[in-house]
Amino acid sequence: MSFVLTEEQTALQRAAREFANERVPTTHLRALRDGNDAIGLSRERWTEMAELGWPGIVLPEEHGGLGLGFAELGLVLQALGRTLAPHAFLSTVVLSGSAIALGSDARQKHEHLPKIASGERLFAFAHEERRRHARHHIATRAVASREANGGFRIDGEKSFVLDGHVADMFVVVARTSGDVDAREGLTLFLVKKTLPGVTTQRLSVVDARNAARVHLAGVEVARADVLGHVGRGVEILDRVLDRATIALAAEMLGGIEEAFERTLAHLKTRRQFGVPIGSFQALKHRAAYMFCEIELSRSIVMEALRAIDANRDDVPMLASAAKARLSDVFLQVAGEAVQMHGGVGVTDELDIGLFLKRARVAQLTLGDAAHHRDRFARLGGY
Amino acid sequence: MSFVLTEEQTALQRAAREFANERVPTTHLRALRDGNDAIGLSRERWTEMAELGWPGIVLPEEHGGLGLGFAELGLVLQALGRTLAPHAFLSTVVLSGSAIALGSDARQKHEHLPKIASGERLFAFAHEERRRHARHHIATRAVASREANGGFRIDGEKSFVLDGHVADMFVVVARTSGDVDAREGLTLFLVKKTLPGVTTQRLSVVDARNAARVHLAGVEVARADVLGHVGRGVEILDRVLDRATIALAAEMLGGIEEAFERTLAHLKTRRQFGVPIGSFQALKHRAAYMFCEIELSRSIVMEALRAIDANRDDVPMLASAAKARLSDVFLQVAGEAVQMHGGVGVTDELDIGLFLKRARVAQLTLGDAAHHRDRFARLGGY
Amino acid sequence: MNDELETFRRECAAFIEAKCPASMRTPLVREDEEPWGGRRPVFTHPDTKPWMDAMAERGFTAPTWPREYGGGGLDEAHARVLEDELRRAGCRPALKSFGLWMLGPVLLQYGTEAQKQAWIPGIVRGETRWCQGYSEPGAGSDLASLQTRAVLDGDAYVVDGGKVWTSHADKADYMFCLVRTDPSARKHEGIGFLLIDMRAPGITVRPIRLISGASPFCETFFDGVRVPRANLVGRPGEGWTIAKALLSHERALISKMRDARSSEDVSLEALARRYLGTDESGAIDHPSLRDRIAQANLDLLCNKLTMRRSEEAVRAGLGPGPETSMFKLYGTELSKRRYELMVEMAGFSGLGWEGEGFEADELVRTRSWLRSRASSIEGGSSEIQLNVIAKRVLGLPDDPHGRGRE
Amino acid sequence: MNDELETFRRECAAFIEAKCPASMRTPLVREDEEPWGGRRPVFTHPDTKPWMDAMAERGFTAPTWPREYGGGGLDEAHARVLEDELRRAGCRPALKSFGLWMLGPVLLQYGTEAQKQAWIPGIVRGETRWCQGYSEPGAGSDLASLQTRAVLDGDAYVVDGGKVWTSHADKADYMFCLVRTDPSARKHEGIGFLLIDMRAPGITVRPIRLISGASPFCETFFDGVRVPRANLVGRPGEGWTIAKALLSHERALISKMRDARSSEDVSLEALARRYLGTDESGAIDHPSLRDRIAQANLDLLCNKLTMRRSEEAVRAGLGPGPETSMFKLYGTELSKRRYELMVEMAGFSGLGWEGEGFEADELVRTRSWLRSRASSIEGGSSEIQLNVIAKRVLGLPDDPHGRGRE
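Residue numbers (this note's numbering), protein chains in the order written: chain G, 1 to 382; chain C, 1 to 382; chain V, 1 to 406; chain A, 1 to 406.
Please note: incorrect hints may appear among the correct ones.
The calculated SDA-like cross-link candidates involving lysine to any residue, where the alpha carbons are at most 20 Å apart (straight line), are [said to hold, decoys possible]:
(1) V:K116 with V:R39
(2) V:K391 with G:L264
(3) V:K336 with C:G342
(4) A:K187 with G:Y289
(5) V:K336 with C:G335
(6) V:K336 with G:Y289
(7) C:K268 with A:K391
(8) V:K391 with G:D34
It is worth saying that the hints were derived from the structure and are not from the lab.
Being a predicted model, the structure only gives us computed values, none of them experimental.
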């Protein structure tokens, strides 16, 4: 019965939808954007979400979490996706939080996870170095060389770090050995934002969400700040990226649903030539096709979220299936939404264009459709 | 004014349409198919076309041709494409005839071209060896080894030779040196069907048109039957294949036009729910999109035909552009035609399914859309 | 599972163990071994008939139908247990029958007691084979525009007209048929639901040739065919209501039958390896076809998950959700896409029609490809499905002139 | 070319040589150097005004308009010679003007002698700048449903209502405007074509912000604006006829303006090399994007050839063929596709909105991508174009309830 929501899940879904509508509707994103907010993220709202326990949903209870699963977290992200709400779930909870939960020692977990769950500490996960998500996820030039004191000195540049300019701490992926494309030789580090040599440059991105470039110039980190095993970071990295990919797909699903529902409402109310434009068969058929694609999208997202919770082997394959599909469908639905809204659809006054902008950024984040179809095929052995 | 037909061209177009409708309508193809005709091609009809001078359209007047151009030949092929008429233009005139006209010595031209123009002699061009048209056209395993007497001995197998079982003679592409994919080392040979070691196997293909496998087992040919220069066959081959590709595209254009026009007529006359189904907006929009794609197809075919006649450098690029587009559009239009005809569209009784079958074969012949897009990009340097 | 069900499960297992020959626990591959029954049955496998009879004796061919008409009398829970056990043992279907799948359910709902007694036991036991007379030449998606007339003459209806797209009309014993009983009534009224003996004088059947070759479809012509008045199911004007009830069974059936000879069972990547080869990394050596194969596989996965989601919702008592409306549409469109890919990747090997020079499976695929083009037309075309989704699921307004267009 | 034309060609060449400053023979790149003229002209380049004046003096800004109103008085053949010479010399346009492109032709056709005398010379000389008041909030594709009222009050119309999507309304001197002069008449009747001075009291103009950022579009509100009765062009009910005549100019114009800042000028493959790199064979190192780039380039080539085919047919006196109906549709859809590709291939570099971290051309492309989404909506949406093709070119029947829907 993996596709049927439990009562608890339904209650969480309702609460998340209410929170999104009341506390972080699209006007919230607009206020941050048009007010040129310095960080583009409201820590106040993040704290409110933390009070509801959401950043801790997937974290273990012993570290302040709720000990629930990604099925639950997905419902929250889906709700936030509907209002395009800026949040720190991907950066702090799913990427960095998962890395710590999966790879850290007890001390590190104790140090960081409760602060993540409480919303006090924001993390960013610094791994992308190129213009696009690279094959095998692992192309890494950033180098961490071992120092005499047993610590490391990190040099490198990260190209597109979600919430990079907001974070209090980073999980940095750097190479301690091997060639740029080698799976072996990667190491994860916990790096304080305040360390000398760490600089960030906020990027103003088309969806008004948050990403930054992160420069690491001779950043000295202690041996104790290695996350997991030296040189074996890829084991954590693979799992963390799959989780984040699926979580992002859940957020995208929310955006798709909202854009579609707004468009349906428009088709029913907007009149042209004396009839609702939704009575024109060509538009009907396009809407019906979108409906199919969205239903399929919903299924793959739900399945992928549940696969994480069940620790299934097919998580990588489902992650790529979900991201490939959601990327295409989000762009398709958001594009159709703009077109079907007509003239007002391309004005900034209407929200609908915001979904198109978000679709463009989301499809590229953590690998676009072509990347994930390629990976889906590779995982299928062909 | 390359796109505007001259008076002579208009007259030829009219004559070709009339001939097609009267002498080789779709019932002609059906008669050959359902009568299990041994060769699937009417030499009688071919002779009639020869009496009109068509096989000689692009051949020089000194060898019995009309000395016109591919612009004119394209009109004939387009007309034949409308009725799906089996013909030997590709095999005999465009592929083999061009090879002889471009590469042969005076004696060979004198020997063969008049017989091609008069319709007496049918040729087949034996070059494809694989399951699909290979990159650079030239993958060739068939070997021609030099004999003591200065002649050659050819061994090999050709996979999909148009009219291979009908032809009186072959132009055979074989390798006299070099690796399978080398551009150098190919040689063209004139090979009589009756030579020992030549066997053909007719293939029953879905469009009921003609192709065969050709086996060459120790076929001994004289030095005098080399077409052009030993080892430099690729120069002829490239040009010949481009011409054939464009000629095929012209035939496909006719098929596309006919399938579309039949579908439009159906949309206007067929009534459902009390109105003509052509009044349903979804079908209208699909038809209008097809119209655009067909107009673009018409332009590229006309341009490519004229580029051959003007001996332009961009013939290869235009050939690939034309074939890529026409392959996609033919499949699209024929598929839509079947769907829009509804139940009767999938019966053998109606002609419309024949266009779908032809589209599938034509798109693959001489390279499919993906092949030609790849080549188009390569020729564009990217 | 409660004790009672568990007991029944063991009963079923024992029944199968005792009654189902080993040969009937192998996959049914050859079409000519399908157990269609009827008055002129064809059993090319000697074990087919005994297995059918064993199942029919227990009413297991129609597990949920009342025992009084020969059915199994099981409730849904028990029927599912039986189904699970049959699947677990890999049993072949004991009986394929449009009577079981389509006519039976509406006969139970709309038939008189006498009609049920007369027709249902024969269906359960596979003694009568039925075909469906709905579509007419020229009617297309507009089913209700049917013209076949049935005029009452004494104790019989006299039927004139024709039906088309009738599967196996040439092999069936009876046809359930929509006829116009009142030409003066409005389009959807004045239709009757009539059971016709195919042996009756005045019936001519002509098989239909498709673009894919021979087909099970036929055209049937009625020329003054006399049908007993007692063979009318429901009231004379009630035919359309009954037809719609039956159609809902048909749509479920088409997706079921599609599964049977489905494109899903073909591994696109295996074919691609065979025809296109792989590069040094093991990837299919044709980037654009590989990309499309991945997309088709991915869509198939998502479609299957959606069907599972729908089933789970039903089992959880949430009823089928709006997603069920899309299965016919998406399934057939995806199937067409997959067959296009299969043919396309095979290159010249994918173009064979018959005869030598092609592998047997290649020739089958050519036909299947062409056959798949009909899937988005029959049983409610894709256009009709899109209309249905737009109206019933999305709530988009009707075309002002589009009454009943679905 | 006959002698007379050849003489004229030399005349043109000499004129250009004498009057066109070298700077005006360089491509116009900066938008702020565009020569829009008007009462409050902006000439950021010192040579713009002299070049405009020199052209206007000969009437060459409107070469085919009658000399009596300041036009060049040339026939088509001479006008083409002039155009060829200007292009050959690489001259910048001397004047950009909606007056020239849109209003002038209909004024010449429908205006009174007094109106022509009053308005046309100022257009030719670039002294007046015009904007178009057609669309209204809420009207969308259904232009004729306009609500802006013009009520006759003595010698003036009093205008109340609003217009939207007016390019440069904030910079224009006058607006040619559709108004409802007779609310009791049927939809397409009762419309007037009115020329309004933008300085008149009661006019408010508000720029529209698009998803791509600032735009030249404005909303214009009329609150009891008095317009002299003499400013009505044609009869009070003739506005829709005039509007349609003008629209045909607008559609040609949109495809012309699109060309100017077109996606066509961008080499997709050059961008792809920059962002995606190439493999050892020189091919773009991303098979699926490369395939889509090739398709987009191929379609662009075919579209250009089709436009050339259409031009040649016109020149051959065969009139524009049916293919002209598709240029707006296909051009804008293709342009959207090309911008999607540009943004997509750039990866994270294609996501910049403003500020540091992105190249200047990357930020421009982001905006152009978003702006391109409007191209398939403005000037007759793609849906409207499809309706037009289906009806006028393909002759498909109207929806019974779809009167006038194009």
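Against the structure, test the hints numbered earlier, and report the numbers of the ones violated in rising order. 4, 8
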